[in-house]
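J.: Sequence:
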Amino acid sequence: MRYFLRAFDKFGVFTGRARRKEYWMFIAYQALFGATAFLLDNILGITLDDESALGYTQLMYLLAVIMPNVSAGTRRLHDVNRSGLNLLAVFVPVVGWAWLLYLLSAEGTPGPNRYGLAYHKIFAY
529 MRYFLRAFDK FGVFTGRARR KEYWMFIAYQ ALFGATAFLL DNILGITLDD
579 ESALGYTQLM YLLAVIMPNV SAGTRRLHDV NRSGLNLLAV FVPVVGWAWL
629 LYLLSAEGTP GPNRYGLAYH KIFAY
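Each residue of the sequence shown is one higher than the one before, counting from 529 in the working numbering.
FYI, nobody ran anything at the bench for these hints, they're computed from the structure.
The beta carbon of each residue, even a glycine, is placed where N, CA and C say it ideally should be.
Nothing false has been slipped in among the hints.
Pair ranges (Cβ atoms, derived):
hint: 1; residue 1: Ala634; residue 2: Val598; range: 16 to 24 Å
hint: 2; residue 1: Met588; residue 2: Thr637; range: 30 to 38 Å
hint: 3; residue 1: Ser633; residue 2: Val541; range: 16 to 24 Å
hint: 4; residue 1: Leu568; residue 2: Pro640; range: 38 to 46 Å
hint: 5; residue 1: Arg548; residue 2: Ser611; range: 13 to 21 Å
hint: 6; residue 1: Val541; residue 2: Thr637; range: 17 to 25 Å
hint: 7; residue 1: Leu629; residue 2: Ile594; range: 15 to 23 Å
hint: 8; residue 1: Thr637; residue 2: Ser580; range: 41 to 49 Å
hint: 9; residue 1: Ser633; residue 2: Gly540; range: 18 to 26 Å
Whenever a hint applies, use it, and build me the whole structure from the sequences.
T.: This is the structure:
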């Protein structure tokens, strides 16, 4: 849960680096809360219209996680020494998604890179 809350604490921070675990735990909690919102909307019958599966709770949740998602993704890409602009690959169907999945899953660069020190070096005492 701390990774999910950390992403919200840093929702406007587009500098620095995020390790794989930090990013993917945030994504896992997002999936859990998104599924919960989906179930809640469908159980209560509060979808946007009769033909849509998207409900008001889901919509509010999606709006709440846009910025934390973009900032966490940017910091994750910084960890693999890539610009946050690579997130725009999401708009290229299939190939862009695969490329982005590869980058977000890749191991971070060891040591400092152009976006900062390695995460474990920052917090080592």
